[in-house]
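**Student:** So the protein lines, in turn, are chains A, B, C and D. Mapping of the first sequence onto our numbering: residues 1 to 424, in sequence order. Mapping of the second sequence onto our numbering: residues 425 to 848, in sequence order. Mapping of the third sequence onto our numbering: residues 849 to 1272, in sequence order. Mapping of the fourth sequence onto our numbering: residues 1273 to 1696, in sequence order.
No lab work stands behind these hints, which were simulated from the structure alone. Misleading hints may appear alongside valid ones.
Unchecked claim - Computed cross-link-like contacts, DSSO-like style, restricted to lysine-lysine with a CA-CA straight-line distance of at most 30 Å:
| hint | chain 1 | residue 1 | chain 2 | residue 2 |
| --- | --- | --- | --- | --- |
| 1 | A | Lys108 | B | Lys432 |
| 2 | A | Lys376 | C | Lys1268 |
| 3 | A | Lys199 | D | Lys1277 |
| 4 | A | Lys313 | C | Lys1053 |
Small disclaimer: the values here were computed from a predicted structure and weren't measured.
Listed here are the chains, written in short residue letters.
4 protein chains.
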Amino acid sequence: MIEEKVFKDPVHKYIYVQDRTVWDLINTKEFQRLRRIRQLGTSFLTFHGAEHSRFSHSLGVYEITRKIISQFERNSYADWPEEERLLCLCAALLHDVGHGPFSHSIEKVFGTNHENWSCRIILGDTEVNQVLSRVSPTFAHDVAGVICKTYRKEIVTSLVSSQLDADRMDYLLRDAYFTGVNYGTFDLERILRVVRPYKGKIVVKESGMHAVEDYLMSRYQMYWQVYFHPVTRSAEILLGKVLECAKALFEDGYPFTFMPEPILHLFQGKLSLQDYFLLDESLMQTVLMYWSLEKDPVLADLSGRFLHRRLFKFSAVEEWDKELLTEFRDALEEAGFDADYYLELDFPSDQSYDVYRPDTGKEDKQPILLLDGQDKLTEISARSEIVKSISGIHMGQHRIYYPAELFERGGGKAVALQRKLFDA
Amino acid sequence: MIEEKVFKDPVHKYIYVQDRTVWDLINTKEFQRLRRIRQLGTSFLTFHGAEHSRFSHSLGVYEITRKIISQFERNSYADWPEEERLLCLCAALLHDVGHGPFSHSIEKVFGTNHENWSCRIILGDTEVNQVLSRVSPTFAHDVAGVICKTYRKEIVTSLVSSQLDADRMDYLLRDAYFTGVNYGTFDLERILRVVRPYKGKIVVKESGMHAVEDYLMSRYQMYWQVYFHPVTRSAEILLGKVLECAKALFEDGYPFTFMPEPILHLFQGKLSLQDYFLLDESLMQTVLMYWSLEKDPVLADLSGRFLHRRLFKFSAVEEWDKELLTEFRDALEEAGFDADYYLELDFPSDQSYDVYRPDTGKEDKQPILLLDGQDKLTEISARSEIVKSISGIHMGQHRIYYPAELFERGGGKAVALQRKLFDA
Amino acid sequence: MIEEKVFKDPVHKYIYVQDRTVWDLINTKEFQRLRRIRQLGTSFLTFHGAEHSRFSHSLGVYEITRKIISQFERNSYADWPEEERLLCLCAALLHDVGHGPFSHSIEKVFGTNHENWSCRIILGDTEVNQVLSRVSPTFAHDVAGVICKTYRKEIVTSLVSSQLDADRMDYLLRDAYFTGVNYGTFDLERILRVVRPYKGKIVVKESGMHAVEDYLMSRYQMYWQVYFHPVTRSAEILLGKVLECAKALFEDGYPFTFMPEPILHLFQGKLSLQDYFLLDESLMQTVLMYWSLEKDPVLADLSGRFLHRRLFKFSAVEEWDKELLTEFRDALEEAGFDADYYLELDFPSDQSYDVYRPDTGKEDKQPILLLDGQDKLTEISARSEIVKSISGIHMGQHRIYYPAELFERGGGKAVALQRKLFDA
Amino acid sequence: MIEEKVFKDPVHKYIYVQDRTVWDLINTKEFQRLRRIRQLGTSFLTFHGAEHSRFSHSLGVYEITRKIISQFERNSYADWPEEERLLCLCAALLHDVGHGPFSHSIEKVFGTNHENWSCRIILGDTEVNQVLSRVSPTFAHDVAGVICKTYRKEIVTSLVSSQLDADRMDYLLRDAYFTGVNYGTFDLERILRVVRPYKGKIVVKESGMHAVEDYLMSRYQMYWQVYFHPVTRSAEILLGKVLECAKALFEDGYPFTFMPEPILHLFQGKLSLQDYFLLDESLMQTVLMYWSLEKDPVLADLSGRFLHRRLFKFSAVEEWDKELLTEFRDALEEAGFDADYYLELDFPSDQSYDVYRPDTGKEDKQPILLLDGQDKLTEISARSEIVKSISGIHMGQHRIYYPAELFERGGGKAVALQRKLFDA
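Next up, chain A with everything else stripped away, as it sits in the complex (with noise of 0.2 Å):
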């Protein structure tokens, strides 16, 4: 323990910092990288107040497991295993830390994955991982375990990651706070009051489930409003777009102007640790600002529209169209753009749809489950009409993405689509 260090934070007002090794890994030059990683990728484009990092999210969603893990021991709950509190704490800090810049569309286009990063940069050569060995040797390990969710103890892995988690809690808050949207708020001071340990399992009190119904229902308006947003989506298809093509050029053995080495070896397939640490959206902008001045007008095209925010239109369509679907690809062509690089159908219901389910084999999550007087355990949509209501919920738009121009150039092919389109 250390003398108390704090933190002005604009959602929690204050982060408190109570242990010498959370108060080091948090200066480690691996966590202070996640300061130039957005915690929205795209969502500034949308809201332009969401320039948030995945630094506060993380000092975040350490204050609020903080906060649990305190009021498990003020209440001395014998379910509570006392001796995880500082794992604890590390894995809730470090959950993200192996987050990539704009993750949604680098991880799509090149396989890479943040929590297998998360590990890399927890068990490798790192700052990361001194810290860690300091504890003990094998406290690096659990650490990543418990982010793998391969640790023991399912209490301790839940708390970091379930569908009432510290990080679902904090980035709810969070960007809400920071787009300025007021969807996201919920009582977060009376959910860390009602849950507790019981029986290897984080539950919570009967009592507060109308405190977890309003989160559950502030996360679907969240998950609508802010972060399936048809502008986000069409920033993030347009950055897959830029990064499809910069990939395929340079397997074509395009020459670029500029190719620092973390890109290389992300072309290639080989990133390192070190390359690693140095791709941040800091790299990325001035990447997509060199391309943007590239000879290829493809490749400068798409470059230019992102950084100056000249995104793709939008339209709802019916799924799988494939009529409509061709004679956007015909006058675009005839247009002049390259239908595969200018044009994409987009389906949220494709996303990982973040909506609690109790029920669903694949979620990993943990659910939610109340426990009553009488020590019974229920799930909670068993008992709550409106979460019932929300998780059997299918909804979302399709909608197409396409070049704003292609209707003002207004070739004969457009002008009939677009007929079609909006005089119906």
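Starting from the known structure of chain A, arrange chains B, C and D on it as the hints suggest.
**Tutor:** Showing chains B, C and D alone in chain A's frame:
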């Protein structure tokens, strides 16, 4: 006029755009570039929430100006020149368009000036200039005139820049919101209701005096709690040292491994508009990262310190304690540090100390005038005891900044110095 | 029009009065009386912040209506009858002017009705009537017509009373603010921007659907977390018992030591306007205090329980568990309690359950209609999965209320009953 | 200790009760009575949200005290007498238990004193005394001692009552919240973190100086914007006139139609504990309503003015303008008003002017002491320029209050007076 567009904004809830010219300006690449410049420069290293951009601040200044003008129009004030509406809105939106990355440090080291750049962007071959020129042939020139305070109507310039202008009102609220401190809050809605045009000036209805007092008290607190925070000063000093060191190396013909054109031209003192456009904080951070890998040990070390947030420590000192300064230099040299790059005396009072002062001749900002029921104008500090008090305060601690290792390594001179400083 | 007046309001920041008629109405003694009637009746016994008055709520409803109309006028909507502005504002301000103290309980026991009283006050010999009559000879009649929903233009009545009216929007925000719960917050500014007049109705632009969803979710949560809170129900039940007991005693000729005229006339079923004006919550609390000192032991005991917040306890029960009810009656009699006054079954679903229902015939409130780009109207639950879910929920626990002492005194029947209830 | 109970509170989110004694005190009828006494007396006539009760404030003072002590215990400060915890909590909770309705006015006219009453309630035959006596035979006496500042340990009394006590911290935040002004906000959490026990005093860690400055600036603003608001003063003056008039009538043997015992005994100067318990704001408002129907024209008129909020107008005047005062008296007599009851000169500086003063001998409140790294204590105004400035300000306008009709009726003397006042 166009169909109203809105931006979600955490500070003003919504920002309303009702003019095509304003909408088009926002969509220029020069204005979009402000997304890549932080509003508070290095403050994010002190307050991790302070990642907000000059883009969001510029929208905020526009919105406050829009609200003030809208109130003027609703009340049909005779002294308000209605034909200046669009000019005011555009000048409010664009007043910061010339800001570069980490302006304070770069302007100090390289002698650039963001107001000049704003005017170059407005008058040069830019998308901004094209949009403005569509209004009228002289419109761009007028906008530049308002920003440089040469425009012929004082009422227009003082709306955009005075002791109670839209600029300050937005940044106090915005910086308080994103840092999470609660010093910057004041009753904006009330102030907007009590300002009015009067004989070519913007004045405040007497009954609004207390709201203005509160605004000035907020400003006072924000300066000392946020803008002059010693940790932020430390980051700025460090960044200044990095830039000085790189500039000296450049002048010595040092072979940099990465030297993008905007940086080259910055060093050569011949930045073009096109260079300036590419010079954002992403590029600066990428450059710092490359520099942290350079062979020159001082440049590499200083750059790494900034990137990984290993800032200089500081100690309060008596003003101009020449002897102590010499002892610091000696101890640093003994410990192997080049004192030119690892030591700095800092006096906040040397900074542009932005506490309200009614009377300073060099101050080009309109003082705040109260309008009473008898149409008499009185400068506020003649009426308000609290404003008089604040404006009379001369304060600010003198601090010396140096690397934390100085005392950790513990050479003999450092030990003696440490004893002198802390055991007194 | 007069010089704008403002009221400081915690919910809307400021309330703006711009019409002499509105200003004069606020200053009538009938409207000032609303300061002495709490907005949430007995809820202050559950949420100690909930002391806010119907005066503040009425100003809030007025302010929201003013903002909606102002938006209609700014946009010059053809379907908005501009001449109805003042009528809407006055009806909004006065819609609750007939509310008595603790309306729910008193209306239930004595069969009074606050809407009728609103109209009596508006049409009777009152200051309110004088102010309205200065507008035009028929104006008071029109205002009463809007409140009683007989006014000829549906668009006017539905602005004041519908599923998405200024009344509900204000009370959700206000009750959330004063109780301190954060369930009632929704994006008022956005909703105000998406409502519009259309063919004699108030409709919602399709793009505002999610904001309306959020409003309906808030409403759902507020009903279950605040309005139907079991402790508040307990206080209301207790107050009902007090009133029933006093009424029965009165009918038996009991000699009350303190019987002010308004109470006497309430008992006699012949309340005059002048009586009603004196009948506020101060008088009711004073009467309760005198009753707590009466010789009749039941009246004194029940009144004291209410005053000193010694509310009935409650237990969840199966619907219509007749046997249990009998056991309770027996145990109460054994313990010396008159079961008529010390026992109550409560079914929130018997209450006017104010969750959004699009289709109920008895519902006299306009459903919420979405207006799409093709000028087509769709009832919201046909478009929104979440609204469909909420509107289909039938819930509410059945509870039995009884004095806490029943089990503390511990007669044999009580012990048996207690075992049955809690040890199952 | 009991199972933790919580109250939902808008200011502190939740109030936590962890001791049976505290829980039992809250449930006494003497403490419940505080629900019927407004925290801000007549301020609700200026700020309609200000209906909050002394009940909620008392809980808030308790909660802040609990948090301070809990921080002391967490840090195991040697200078904190841990055995005094419950005493501090009870004194904090009960410090206002003796407040009567509209204390300022009643205390002034009848010479009662709420601190004396608090002690009478704590020491007398009350439920509060019974609860306290269950702790130990001397506990009630100790609690009374802390409230009357005679308790032997200064650290205990100064926690409950000093220049930076839980009382002030709660009321500034609470009054700001309920009135809706934003002057009263300061960083409570930070202040709680920097106070500590030191050699029998509560002191502030030097690094917390700016947070304390902000608290004192809030206090300054709240006094001038809220507590001494001229409209609130007007209401208090009017209420004082009502009471003086009724008292004079009583002394003359006037036959009141309604004279409840507590009022009778108040007039006779022999209030018993039982009377005092019945004397709440409901009773006062009921009495005022009856008085507004009395035959005595002055009493009826003044009472009606208060009830219907027809307050006196005011004009700023020079200090002690004796001539003007005479002119007012003459004009009032001419217009048929008894100047004794319809005229008042008000000097806020005569009020207990609660701006921080470090040095006044008559001040029985501990000044604020800063503790530096060398364990040296310094009074804050010796360190903070802004505190020095505030504490040196002597301000306050002198105002004359009179009925609005004086100038409306327009007798000759009134016309002359009006011209003198407003046309100068």
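**Student:** Decide, hint by hint, whether the structure agrees.
**Tutor:** Verification of the hints:
Among the hinted pairs, A/Lys108 with B/Lys432 is consistent with the structure: their alpha-carbon atoms are about 29 Å apart, no more than 30 Å. Between A/Lys376 and C/Lys1268, the direct Cα distance comes to roughly 18 Å. Compliance with the 30 Å bound is thereby established for this hinted pair. For the suggested pair A/Lys199 and D/Lys1277, the alpha carbons sit about 25 Å apart, so the restraint of at most 30 Å is met. This hinted pair checks out: A/Lys313 and C/Lys1053 have alpha carbons roughly 21 Å apart, not beyond 30 Å.
In this structure, every one of the numbered hints holds.
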